[in-house]
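Engineer: Combine both chains into one complex, guided by the hints.
If you want the building blocks of each chain, they are given just below.
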Amino acid sequence: MSTLSLAVRDSSTMLRRNLLHMRRYPSMTFLLIGIPIIILLLFVYVFGGTLGAGLGPSGDRSQYANYVTPGILLITVVSAAQGTAISVAMDMTEGIIARFRTMSIFRPSVLTGHVLGSLVQTMLSLAAVTVVALLVGFRPTANPVEWLAAIGVLAMITFALTWLSVALGLVSDSVETASNLPMPLILLPFLGSGFVPTDSMPTAVRVFADYQPFTPVMETLRGLLLGTGIGANGIITVAWCAVITVGCFLWAKALYNRNRTA
Amino acid sequence: MTSSMNPAIVATDLRKSYGDKVVLDGIDLMITEGTIFALLGPNGAGKTTTVQILSTLIDADGGDARVFGHDLTREPDAVRALIGVTGQFSAVDSLLTGRENLTLMADLCHLERAAGRRRIADLLDQFDLTDAAGKPVSTYSGGMRRRLDLAMTLVGEPRVIFLDEPTTGLDPRSRRAMWHIIRALAAEGVTILLTTQYLEEADQLADRVAFLDHGRLIAEGTPRELKRLIPGGHVVLQFADQEGLDSAARTFEAATRDDAALTLQVPNDGGVGSLRSLLDQLDRASISVAGLSVHTPDLDDVFLTLTGQPDTRASRPDHERAPAR
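Residue numbers (the working numbering), protein chains in the order written: chain W, 1 to 262; chain R, 1 to 325.
Extracted from the complex, chain R is given alone in its bound form (with noise of 0.2 Å):
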């Protein structure tokens, strides 16, 4: 961090916990203004608590937190003036319609009447609710539902946004839509704090990702540094028999084998000249392949590698191991 950015979001050593079940074990953040932070982990893993918190919806058992400088214990309504939030299960009001949902917000951020009117209609075009903005929200789909949420957070304009599970349980289309949005959003200057279980969604959007586990975090870094933690692109080759992946493990002294699958992992980045040499070697070597996977590295292969869960899918058999060079 270099000391022109102004960190938006900074929380030292953030604790929770229910009962004895720790919830945050320790959470350091640093969230530079403008920029997209996507925290990344499973169910349970602390995502939301962690938004409930830096939101002003609870407070943290330990550990202390600012946003733009204010304290949230000491100033939260300085904090609320400032941010933003989209929680995971929508907040929207659905016996009202979606522009007396607007309407709502515009009163409760104490804009001027015609002000917020106008407000009101540019968000509604933006989202793509202008035709449906005098339904009530309870016939809208999943989708609307979504957009006139993160609308409504907008109406106020905050410099700071919690998107807490933002595309859960949308269909690939209003994911794309979602993401759209939330880009621009970033462009237009607003800093934005995602949660995630959708590797691709941070590797999409983030500007840094961070992944959480059991309430700590494991690695941050922007997508491409977390990538470098991991042993690069392979080819995982299949074979029918012991000899032939005996024979294919001789070619290539730098692989990884895996007799119980009868697998044989070579490094390779993933590319057509690489690719044809190595068909090339197994050629000359008069080895036959039953089958062959490409695999380029992903947050995924970050995330299970720093987490260490079992992998089950069969294409990738070697997360648990070190790895392969």
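Extracted from the complex, chain W is given alone in its bound form (with noise of 0.2 Å):
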């Protein structure tokens, strides 16, 4: 069998055993959904309507939630990254990891079957935030290929957010250190565009906010959903995406193959 399709026949055995643990064990999924859902009712039913004055003249409480939409959209996939992290520190302290290791596999496999598991997972809590949003007053003006665009920028940042998950998993020493690693993540849309304008910050924060990944993505899911600017933030955010993703993937990979005397 040919490397690449012993990769692909590995790869998709061990995401059947993910999505059999997700399945199995929905309260997970659910406590990850639960987040961003919250956050998005306190943000629109309780800071929305003075946050909504701050927009412009004609700012409100639903023109709020259009704004913010994209921010939790972007805490749905943080937060299920950090479900990821647990999930592979919890498999990693488990014997049938040993057993895969000594398997005549294609070895990252463990890794890409958490990695596919979680994009699917990630991307069903993006569509159940999305209904909860639409429900709450986010009105997107997108049309079918727009959407199809957002949903592959929401895809791309997920799959790059999941490999840097993995490898935090894998750095951690214990479930507790995995599940505080990705902690910061929660805070980047904050510090960014997710949920006021950068203009209306000091200098420093803004020049952070500017420059941090979040921003563009947030801004091109922005102007996919609801029509505004996009300009350079669709490449930017292309480019962080795939740095992260290679960087997290060779960086997962090497924890994984390192000596573990466990």
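Think of the hints as simulated: they come from the structure by calculation, not from any bench. The structure displayed is predicted, hence computed values, not measured ones. Heads up, a few of these hints could be off.
[Claimed, not checked] The calculated SDA-like cross-link candidates involving lysine to any residue, where the alpha carbons are at most 20 Å apart (straight line), are: (1) W:LYS253 x W:MET92; (2) R:LYS135 x W:TYR25; (3) W:LYS253 x R:ILE58; (4) R:LYS135 x W:LEU20; (5) R:LYS135 x W:ARG23; (6) R:LYS135 x W:GLU94; (7) R:LYS135 x W:HIS21; (8) W:LYS253 x R:PRO76; (9) R:LYS135 x W:PRO26; (10) W:LYS253 x R:ASP59; (11) R:LYS135 x W:ARG16; (12) W:LYS253 x R:ASP77; (13) R:LYS135 x W:ARG24; (14) R:LYS135 x W:MET22.
[Stated by the list, open to error] Not close to chain R: a few residues of chain W, all C-beta gaps over 10 Å, as computed: (15) THR50; (16) LEU119; (17) THR198.
We treat Cβ as the ideally placed atom computed from N, Cα and C, and that holds for glycine.
Structural biologist: Structure below.
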């Protein structure tokens, strides 16, 4: 069997394993969807009136629901990534990983199984969160092509952050560490254009907000879903996703291949 | 070793350290195809590390090893295709059912779907797991987990199986069931390297036994050969006072005395005839004995003699001293 078909076959076997885990224990999935939905409701119904007024003279709560949704979608991705880091760290404590390492299989398939499983899980979470956003006043103007492009952007950033969280799960020596390491990621939509426009921020924060990877992703999503300007953000998004994916894939692979003494 | 015996595993001068701690200090192994080889030693002797190296889980710092001629470091995948490992900590997916675990293995071994299903049904039947096949492994007992673990190892029909303490923590009945399975595998021509802390287990199962202590092999041979390394059977006589011990020591010249414990160790094969003549001798000399225990040599004696570990059991006060004959 060629390396490629071996890789596809073993990765899909491992994907089936991860999907079975999720189906059998759906509580994690619900927990991970819960966080972004609570933040969404909080920001629309508690802060939305005031923050909406800050968007411009005609700004109100319903306009803020539109503004905040791309940021909430990224919170959903980050929340799912945290779940991935936890489940990878938990998996590494299981004896079955040692078994996989002594089998003649495509070695990274354990990891690709986690990544593909998380990708499926995250896309389902994103669909659920989007439905809630529509219920609370999110009114996208996207045509079908723009919707597909938005889904593609979300899949790209999910793929990149999932590889990052797989690496974080592998580098953690305990499940607690794996749960804490991705925490800073959840702040990034706040320290970007996710909840308020960056030009309202003090200079130092604004510079960080403008150049961190989440801002171009959120601006691209906003452009695709709500028709605001995208500019160079689309290309910057693709570049960031590619860099994070490749870097974290190599990092995770090296971590997985190192000798473990356990 | 005759040349007609095909070596399944050959290792030369394996070394492994973690930081300053030397775990394996130059191990040589040669295991013939179709035999059961037991690696015996206390906790921390390096048994698990040896299995981890030979099963390609970790790299040795030095030395080399081959499985059916395939070098562990240069052709790890060729080695992996030939081996199966059942570790000390059960290598099953506890979130899945027994059948799903086996299906996972069949898929990873790239069995055809129909062939995989047949193999799984056979293994579930052979390991008495058919009734529990649809239940999550988290509900299994220790013995069931261990059987599933071994069944998963066997899905790919490995030619060499590593069993790291396969019966640790099992109740006596499950242990015997596991022994039965291991013997049946060897009878089919599978080569088995098993590690154990139980001398009885090695004695029961193994064609050859090696003692591992502090990262070194201190003895290797068949159980029979190893038992020959130590004094033969004996009877330990317990006395109530020094006087009794003194007169008995005069009667049995070949015996070894222990003044502190008031015991005398008399060489004896433990047979009824020789016991009777020993008792007759005691009778004739009018020596009163407070207690008597018969001792036939087992691997325990070999191990304790070789490692020089203090033996705390009262009935065996002699292991640190010179052989009785």
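Engineer: Give a verdict on every hint.
Structural biologist: Checked hints:
A hinted pair counts as satisfied when its Cα atoms are at most 20 Å apart, and LYS253 (chain W) with MET92 (chain W) qualifies at roughly 14 Å. The straight-line distance between the Cα atoms of LYS135 (chain R) and TYR25 (chain W) is roughly 15 Å, inside the 20 Å bound, and the hint therefore holds. Pair hint LYS253 (chain W) plus ILE58 (chain R) holds up; C-alpha atoms about 16 Å apart against a cutoff of 20 Å. The straight-line distance between the Cα atoms of LYS135 (chain R) and LEU20 (chain W) is roughly 14 Å, inside the 20 Å bound, and the hint therefore holds.
Annotation: proposed proximity of LYS135 (chain R) to ARG23 (chain W) holds, straight-line Cα distance about 15 Å (limit 20 Å). Between LYS135 (chain R) and GLU94 (chain W) the CA atoms are separated by roughly 19 Å; this keeps the pair inside 20 Å, and the hint holds. In summary, the hint linking LYS135 (chain R) to HIS21 (chain W) is supported, as the alpha carbons are separated by about 14 Å, within the 20 Å threshold. Of the supplied pair hints, the one linking LYS253 (chain W) and PRO76 (chain R) holds, its CA atoms being roughly 17 Å apart against a limit of 20 Å.
Distance restraint check for LYS135 (chain R) and PRO26 (chain W): the Cα-Cα separation of roughly 18 Å lies within the 20 Å cut-off, and the hinted pair is therefore satisfied. Pair hint LYS253 (chain W) plus ASP59 (chain R) holds up; C-alpha atoms about 17 Å apart against a cutoff of 20 Å. Taking the CA atoms of LYS135 (chain R) and ARG16 (chain W), the gap is about 18 Å. The hint holds against a cut of 20 Å. For the suggested pair LYS253 (chain W) and ASP77 (chain R), the alpha carbons sit about 17 Å apart, so the restraint of at most 20 Å is met.
A distance of roughly 12 Å separates the Cα atoms of LYS135 (chain R) and ARG24 (chain W); the hinted pair therefore holds under the 20 Å criterion. Only pairs whose Cα atoms come within 20 Å are accepted, and LYS135 (chain R) paired with MET22 (chain W) is accepted, the gap being roughly 17 Å. At the 10 Å boundary, the C-beta of THR50 (chain W) stays outside the reach of chain R, the nearest C-beta of that chain being 45 Å off. Remark: the non-interface label on LEU119 (chain W) is consistent with the geometry, its nearest Cβ contact in chain R lying 19 Å away (cut-off 10 Å).
The beta carbon of THR198 (chain W) is kept farther than 10 Å from every beta carbon of chain R, the shortest such distance being approximately 43 Å.
Violated hints for the displayed structure: none, as all numbered hints are satisfied.
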